[in-house]
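Taken in order, these protein sequences are the chains called W and X. Okay, so the first sequence: first residue is 1 according to my numbering, each after it adds one. Okay, so the second sequence: first residue is 1 according to my numbering, each after it adds one.
Since the hints were derived computationally from the structure, they do not count as laboratory data. Don't take every hint at face value.
[To be verified] From the derived model, a few chain W residues whose C-beta atoms are all more than 10 Å from chain X:
no., residue
1, R59
2, G80
3, A84
4, R92
5, V96
6, T103
7, M109
8, A124
9, P126
10, K129
11, H130
12, A136
13, A140
[Unchecked claim] So the derived label-pair ranges between C-beta atoms look like this:
no., chain 1, residue 1, chain 2, residue 2, range
14, X, D259, W, E81, 18 to 28 Å
15, W, G112, X, G180, 57 to 67 Å
16, X, V250, W, A136, 46 to 56 Å
Don't be surprised by glycine CBs; every beta carbon is placed ideally from N, CA and C.
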Amino acid sequence: MTAPAAAEPGAPAGEFVPRILVFSTNNISDPGVDLAGSSHMHYSPGVNVISLPCTSGIRPSWITHALEAGYDGVFIATDGEECAYLHDCAKRSNRVVQIAQKTVKERGMDPGRIRVAAICSVCAEPFTKHMTTFSAALKAMGPAKA
Amino acid sequence: MSDETLTPTPAEEAEGGRRIGVYVCHCGGNISDYVDVEKVISDIRESGDVVVSRTTMFACSDASQQDIEADIKANNLDGLVVASCSPKLHTYTFRGVASRAGLNPYEYTQVNIREQCSWVHTDDREGATAKATALVMAGIGRTRNTIPLEPMVVDTIPHTLVIGGGIAGLRAAIGLADVGLRVTVVERELSLGGWVKQLGRMYPHGKDGRRLIEDLVAKVKSRPAITVLTGAEVVGKAGSFGNYHVSVRVGGEGAGTIDVAVGSIVVATGFEAYTPEEGELGFGTEGVITLPEFKELVDGASGPLAWKGRPVRSVAYIYCVGSRNTAGCSNAYCSRFCCASTVQTAVQVSGLDPSVRQFHLYRDMRTYGKFEPLYTEARDAGSVFLKFDNDEPPTVAMGANGRLTVTVRDLLTERTELALPVDLVVLVTGMVPRENAELVDVLKLPKGADGFFNEIHPKLRPVETVVDGVLIAGACQGPKTSAESVTQALASVTQSAAILKKGFTELDPLVAVVDADQCTACGDCLTTCPYDAIKMSESADRHFATIDAASCKGCGGCIPYCPENAIDLLGYTDAEVTAMITNMAEVPV
Numbered sequence: 001m002t003a004p005a006a007a008e009p010g011a012p013a014g015e016f017v018p019r020i021l022v023f024s025t026n027n028i029s030d031p032g033v034d035l036a037g038s039s040h041m042h043y044s045p046g047v048n049v050i051s052l053p054c055t056s057g058i059r060p061s062w063i064t065h066a067l068e069a070g071y072d073g074v075f076i077a078t079d080g081e082e083c084a085y086l087h088d089c090a091k092r093s094n095r096v097v098q099i100a101q102k103t104v105k106e107r108g109m110d111p112g113r114i115r116v117a118a119i120c121s122v123c124a125e126p127f128t129k130h131m132t133t134f135s136a137a138l139k140a141m142g143p144a145k146a
Numbered sequence: 001m002s003d004e005t006l007t008p009t010p011a012e013e014a015e016g017g018r019r020i021g022v023y024v025c026h027c028g029g030n031i032s033d034y035v036d037v038e039k040v041i042s043d044i045r046e047s048g049d050v051v052v053s054r055t056t057m058f059a060c061s062d063a064s065q066q067d068i069e070a071d072i073k074a075n076n077l078d079g080l081v082v083a084s085c086s087p088k089l090h091t092y093t094f095r096g097v098a099s100r101a102g103l104n105p106y107e108y109t110q111v112n113i114r115e116q117c118s119w120v121h122t123d124d125r126e127g128a129t130a131k132a133t134a135l136v137m138a139g140i141g142r143t144r145n146t147i148p149l150e151p152m153v154v155d156t157i158p159h160t161l162v163i164g165g166g167i168a169g170l171r172a173a174i175g176l177a178d179v180g181l182r183v184t185v186v187e188r189e190l191s192l193g194g195w196v197k198q199l200g201r202m203y204p205h206g207k208d209g210r211r212l213i214e215d216l217v218a219k220v221k222s223r224p225a226i227t228v229l230t231g232a233e234v235v236g237k238a239g240s241f242g243n244y245h246v247s248v249r250v251g252g253e254g255a256g257t258i259d260v261a262v263g264s265i266v267v268a269t270g271f272e273a274y275t276p277e278e279g280e281l282g283f284g285t286e287g288v289i290t291l292p293e294f295k296e297l298v299d300g301a302s303g304p305l306a307w308k309g310r311p312v313r314s315v316a317y318i319y320c321v322g323s324r325n326t327a328g329c330s331n332a333y334c335s336r337f338c339c340a341s342t343v344q345t346a347v348q349v350s351g352l353d354p355s356v357r358q359f360h361l362y363r364d365m366r367t368y369g370k371f372e373p374l375y376t377e378a379r380d381a382g383s384v385f386l387k388f389d390n391d392e393p394p395t396v397a398m399g400a401n402g403r404l405t406v407t408v409r410d411l412l413t414e415r416t417e418l419a420l421p422v423d424l425v426v427l428v429t430g431m432v433p434r435e436n437a438e439l440v441d442v443l444k445l446p447k448g449a450d451g452f453f454n455e456i457h458p459k460l461r462p463v464e465t466v467v468d469g470v471l472i473a474g475a476c477q478g479p480k481t482s483a484e485s486v487t488q489a490l491a492s493v494t495q496s497a498a499i500l501k502k503g504f505t506e507l508d509p510l511v512a513v514v515d516a517d518q519c520t521a522c523g524d525c526l527t528t529c530p531y532d533a534i535k536m537s538e539s540a541d542r543h544f545a546t547i548d549a550a551s552c553k554g555c556g557g558c559i560p561y562c563p564e565n566a567i568d569l570l571g572y573t574d575a576e577v578t579a580m581i582t583n584m585a586e587v588p589v
């Protein structure tokens, strides 16, 4: 078994816990996210995951809606080169991210609130690290909704 | 089951149009030790449309399933939310619950509050509970927007591809032929039989591995339904569940390929033997050999053993080489077969020459199950067992006299340090996954952290993979004995039969659809589908895009290209996903 990441103690009451919406994929990245759980790794409870067949099917409006509804960041866990549906999945997912980043920038938000990375079906540790660093970056940025 | 502790909650009259039942699972304590499941229920029960809400000790238990079915019928529910483990485990379980109770299975939503909540927040009960509430609210939001769907029915091809012609692959091929399926066996080597073909006497029947394989190969040859391709490799796969087209290259690099149309694929590609690193426990020194090398020596002997012309009067076996490693190195697993195999080989050696002294240096002796009598048999025949500490492994040194000496501190005799002069040191090497990058790439098979192929569920779906219709059997899934490999091979036969014998299969109808009223026939989507599922159609007065359900793979890749947002993916519609996001965001962390 991979060594679990060091446990973060629960945040003190009243402290800003950045909320991250993750879009994962049913067959590749979501099993990787699940593996972080079955390996008892830890990341912030501000992280919520919605699993879809493929990240190339994300509507940019879902990303902007999340940031306007109360999320502080959106993380797209793509299949990268492993996508079973589309050979150009990474390119398509990046296009979705760029559209969403352009929109949030126009609305006065930091496009750095939207991140994308390939997460494979055994990428438990990389996913946990992404969540920890993204959470820290969002904490520095402060809440998305004033 | 008697451990059910369903906590009924008063049924609320639904405010909106929906009547939803919500079940939050304790999973024994896997969830409830870290999430206050009762608080989750009390936080969601007033959220509207929730008619029944309960916690359950094990949602997947038979008793619990029956309770949910009874609730659905008694309350005329039109939506179901189960918050328990990953959807990979029990989506079909709860779809079945819904179906049996007369509820459309696509009106059910699985919420993952174990792998993606309780297990990653074991340090933060309050945070985990708030998050579980948010996830359940997302499930309710999605379920409010579900619509009933009917599965798509596709014909299946009654033909299975078996990859690997070792004991698992051969036994699977015979089983598949005997249930009336056609079989193609693809073996990379030029002959069938794999590892077992190289083995001599096997426990407990005493039969030769060589003979076992000869019998299996004869049975394969006598079945006209089986085609065997040796010197062959799988190089491509197209199509979908029940209708795969597999390209097999026969005759090595550069040779031509043949196309085999199959309904299912059994992967039985086996394992590699672990090769110790240079210097690992003396490996590389003359007289220090691996278990497979030693077995070959013993299986080939008819009298007293000799190694390179010198008689072997004493042997030291060092166990768990390349297995059960805890210090940084890979291979954390136990290889399962090696204790029994080594002890059995030692009994064989005693049979050849009772005067050979044999020392077994082990960390833990695991001649489990029906192999246990072997251990007693070896001791009775004179084998000596010495237990060493994992932190203080034995050392192997070559003396000036050209003799090997193994030094070990024996935990069974108060850590006495013993120096054992021996003629041969056998490193009891375990199994490692086969290097098979091309096949993994073609089949898109997920591998675990240990490098072996991953099953969906070790207990409930042990030979199925996340790739529908692709099954795994034998040591490619993880270290195991030949008997265990054959058990899995036969399980893969049953699974293939379950898929293919009906002649058709039902696929999730979770495909993309176009709202013709919103479509402006701009044509932007037409080039976005590599499966050519999108066409322009016309009615009397206008044009609009349509998507062929049978060709659509359900990825949703066309959706972000529609400027009118006229395309939706069933099961993941704009309304469903937006409601999930809104509902989750409303629950404070």
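Hey, does W/R59 actually stay past 10 Å from chain X on C-beta?
6 Å, violated
Please settle this one: W/V96 was flagged as non-interface, so is its CB more than 10 Å from every CB on chain X?
Its Cβ does come within 10 Å of chain X, the nearest being 5 Å, so this is violated.
Is the nearest CB of chain X more than 10 Å from the CB of W/A84?
W/A84 not clear of chain X: closest Cβ-Cβ about 5 Å, inside 10 Å.
Regarding W/G112 and X/G180, is the given constraint of 57 to 67 Å on their beta-carbon distance met?
60 Å, holds
Lying within 46 to 56 Å: is that true of the beta-carbon distance X/V250 to W/A136?
54 Å, holds
Taking C-beta pairs only, is W/A140 more than 10 Å away from all of chain X?
18 Å, holds
Non-interface claim for W/G80: all C-beta distances to chain X beyond 10 Å?
W/G80 is indeed farther than 10 Å from all Cβ atoms of chain X, at 13 Å.
Minimum Cβ-Cβ distance from W/H130 to chain X exceeds 10 Å
13 Å, holds
Is it correct that the beta-carbon of W/M109 has no partner in chain X closer than or equal to 10 Å?
15 Å, holds
In terms of Cβ atoms, is chain X entirely out of 10 Å range of W/P126?
12 Å, holds
Would the least Cβ to Cβ distance between W/A136 and chain X come out above 10 Å?
16 Å, holds
Verdict on W/R92 as a residue remote from chain X, using beta-carbon distances over 10 Å:
Violated, since 6 Å does not exceed 10 Å.
Taken one by one, the earlier hints fail for this structure at numbers 1, 3, 4, 5 and 8, listed in ascending order.
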